[in-house]
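Participant: Residues per chain, in single letters:
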Amino acid sequence: MSGLEATVLVLVGMGGTAVVAVRDPLRQAMVASLFGILLAILFFVLQAPDVALSEIVVGAVALPLMILLSLAKIRGGSR
Amino acid sequence: MNNLAPLPVVVPLAGAAVVLFAHAFVPRGVVRLLAGAAVVAEITLAAILLYQARSSTVVYWFGGWTPRAGIALGVSFTVDQLGAAAAVLAGIVVGAALTTTPTLGDGDGDGIVHALFLTLLAAMAGFCLTGDLFNLFVFFELMAVSAFALAAYHTRSLSAMRGALNFAIANSIGAFLFLIGIALLYGRTGALNLAQIGRYLATHGGLDRLAIVALALIVVGLLVKAAVVPFHFWLVDTATSAPIPLVIVLAGVLDTLGIYGIARVYWTAFALPTGGAPALRTVLVATGAVTAGVAGVLSLAFQQPRRRLAFVMVAHTGIILIGVGCLTARGLAASAVYAAGDGMVKAVLFLGLALTGWQAAGATARRAGVLLLAVGGLALAGLPLFATGVGKAAIEAAAARAGSGWVTPVIVGAAALTGAAVIRLALEANAGSVATGDEGRGRWTLPLAMGVLLLGLSAAVALAGDWAARAAARFTATRAYQQQVLSGHAALVSTAGLHLGLPASGLALDLTAVVLAVVLGSGVVAPAAGRLAGTEPLPTVWRGARRLHDGSIGDAATWTTIGTAAIALALASGAR
Amino acid sequence: MSVLAYGVPIWLLVVGLYGIVTSRNLLHQIISLSVVQASTSVLLLTVGFRAGAAAPVFADIPATRPAVDPVVQALSLTDAVVGATVSALLLAVAVQVHKRTGTLDPDALRRRPER
Amino acid sequence: MTPRVRRVVFLVAAGALAGVLAWGFGGLPRFGTFDGAYGQILNHVAVPQRHITDVVAAVNFDYRGFDTLGEEFIFFAAVLGVALILRTQRGEHAGHLADHATGRAVPPTSDAVRVLGLLLTPPAVLFSIYVVTHGHLTPGGGFQGGVILATGVLLIYLAGEFDDLHGLYTEPALERGAAVGVAGYVAIGLLGMAAGTAFLDNVLPLGRLGSIFSAGTVPLINLSVGLEIAAGLVLLLTNFLHQTIVIRPVVGRSA
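If you read the protein sequences in the order shown, they are chains C, D, P and W. Each residue of the first sequence is one higher than the one before, starting from 5 at the first, in this note's numbering. Each residue of the second sequence is one higher than the one before, starting from 45 at the first, in this note's numbering. Each residue of the third sequence is one higher than the one before, starting from 2 at the first, in this note's numbering. Each residue of the fourth sequence is one higher than the one before, starting from 122 at the first, in this note's numbering.
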């Protein structure tokens, strides 16, 4: 295994931990988006560009967007 | 001849697309007609497949990708009698469920509901027919996503929201564990086709530690779907709060399919390599017995009708698991008869429950519902007129042969207790003291007709024991399966002279359970028995049990982790 | 280095489960579930990896060049879709829960130990 | 269980689970040495057999196209589910207006954001078309392209007011778009049966390797999937927006 693969794997492990460790949903949505980007990089390094592209559009954009929209409702509604 | 194999899946899928396309501009009646037509078509097509598979398994390669040199390039359907029969059963239960859509209140989202029932049906049919491990996962997920969208239908009910969350999170964890198992097996065998995985494992080192852990994860994923203890929390919540039509499908066929999946994966991929069977048998039979025992007792611990029926469902799934868990053709045949008959009866219970609350239908509808519940209760206890009685006796016999005779009292006890719970519910409903919250409107004769039809079918399945014995012999003929899938040569499995049999002792136990159920359920003999069923004989235990089932998602996930670790450790230690 | 490649998926699984078990917020719980999903994608791709091999896209590399396993990539695409759809449904339910109760604490949703 | 008990019990169980998983994972081939027959055969035969340069696309839409059909219906079911769960129910109109009346301060969309959103939309749409139509040649395809297209549409929302979107589509139209997308996939599958072979058999001419018009049915499947995903995802996000729109100054058709 090259150093690059090892580094990205460690980053992904840490990223997943960070996603769970952050307890405020708004901040968590952003960390989750970053985690999505890390995953996409890992998939790219593992020679899976198709999966990397779909991880970027889903994990880093669409999913955080859905979370933010839910949050908007929840924050707005709680007043 | 086998060109029809994809259609029981493709037709409901196409139906779902058509329903969604049309529902905004056609009358509601047309939507129901379209959905009904797709269900009838699925039943017919699956029945034709059942006929085509009468002498040997039908193999169908999507995209025309037949295997090259024993290596599968595409996805296969592998249609045998048990799988096709399960696909027929799924269609019948969905058909019955759709007659209760008037319980959905004002009926908004009607088109979407029907489209989702069609994707659910397609997923169940695909799950029954596929011969590919990953394809099994895809249909597993399509079932789950369709079902928990429907579970969240009553968005104003907090209980329904909790049920849907619990359902989705528990099933997703199960699905991801299943997928990890698939990834492991792929890493070991480089294959996704079940027959190819089985052949590779048998010829390349057998069940090593990787294969054992993969087996454990796949079994856990499917047990979560089957909702056996300790993976049952989601079902208790969902059955309490989901719309009646969905609960009918869950009770009638959906959770049993998890156990079907275990049988399919075991006999195609894990039966030949030696070393795994004894530990797996112990795990499955023990899990089944614990489930039947615990849920059987708890079916009396709750007042809320649906909650009581939820534990009835769980307990009976445990009994089904015991038969399959024997890992013998005999046990499988027994469970198949039992599961078909029992599923139909459980569906009848919810049809009956819906009828007791049918609005503006007067006392007749309520009495009809009470009757369905009462007959259902007797059938659940094991009245030998129904497949439940015949199948239960056969499961006890198969377990005894497999060296697990100790489960007999558990099975009889669970049947008696659950029968009692249902009979008590029928009596309460008769007195008019049951509020279901699922008041239907309009024509109530259709659900009633479905209930009678299902009871009739459940009685008819009681006669199918010898047929099931032969079908199970083919289902469990692993080498013949692998040869047919991978080399295309139909291999005949001799099934002459196979019988399920109905031992007199089993018959006697059935009747004992029925008598016990009536006594316990009606409280006629001793008021004390009624109190046992109704009130708090062991206040601490009862309260503890209720607190345990308070719907916490975190608790359920914890139990899933405990159960997964326990099953994996048990299989691992048994393998050494 | 297999320890790292196969250890990270196990770690993500356990961490994601920990998040689900200890969560005090439904949104947090749903996002934790997506970490469990990530563990399956990572495992699929590490299982199918070949050192020094190219991506299985032969648009501008010779057909004879060794490439990593394409099947696990197809599986993990499906896996990603499944994960995202489940999250979407769960988020929709969470919105409804909040609308009804004003809270997102999963433990506040517990049933009172009724019958 | 109390949170504290639950955490302790979980940690014990998870430790045991991680241990037994690690034991089993040890049976995998060493990282980077995997040589599974299935994948390696496909890497060799897919290009000549199917005139597809992206073998992952060949697996997704040809060799294992039936899995992907199931996947599309999973997405389809989820879109329907979200629409069902977030459907507007009787009596909610008043609630929304009340929400609105409590007057939560809403920052108006700044001109910079508006312009940026509008500027970004055309490239996003173009890029999505590229990704969908080149699915069989390069990484990407109907799914990724569909998501990008849906996101592009959403940029219009970010740029302006929610009402702007209703000139573009209505919800029944989106439903029909998604339905046509999945039905198209099924129809392409039936093409094989009609030709006398198997469901999802790639029966169309395969064309010249590397051209847009190659790989038989695969580009058509990608188009169907792209349509389904784009329409479905816009519908899904619109349903979430309906829940949020009440906190914006302009109340659209949300009630």
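Source of the hints: derived by calculation from the structure; they are not laboratory data. Heads up, the beta-carbon is just placed ideally off N, CA and C, and yes, glycines get one too. Treat the hints loosely; a few may be bogus.
[Unchecked claim] If the Cβ cut is set under 7 Å, some of the chain C residues that face chain W in the computed set are:
no., residue
1, A25
2, V26
3, D54
4, L57
5, S58
6, V61
7, A64
8, V65
9, K77
Participant: For a quick check of understanding: which of the numbered hints are violated here, in increasing order?
Facilitator: 1, 2 and 7
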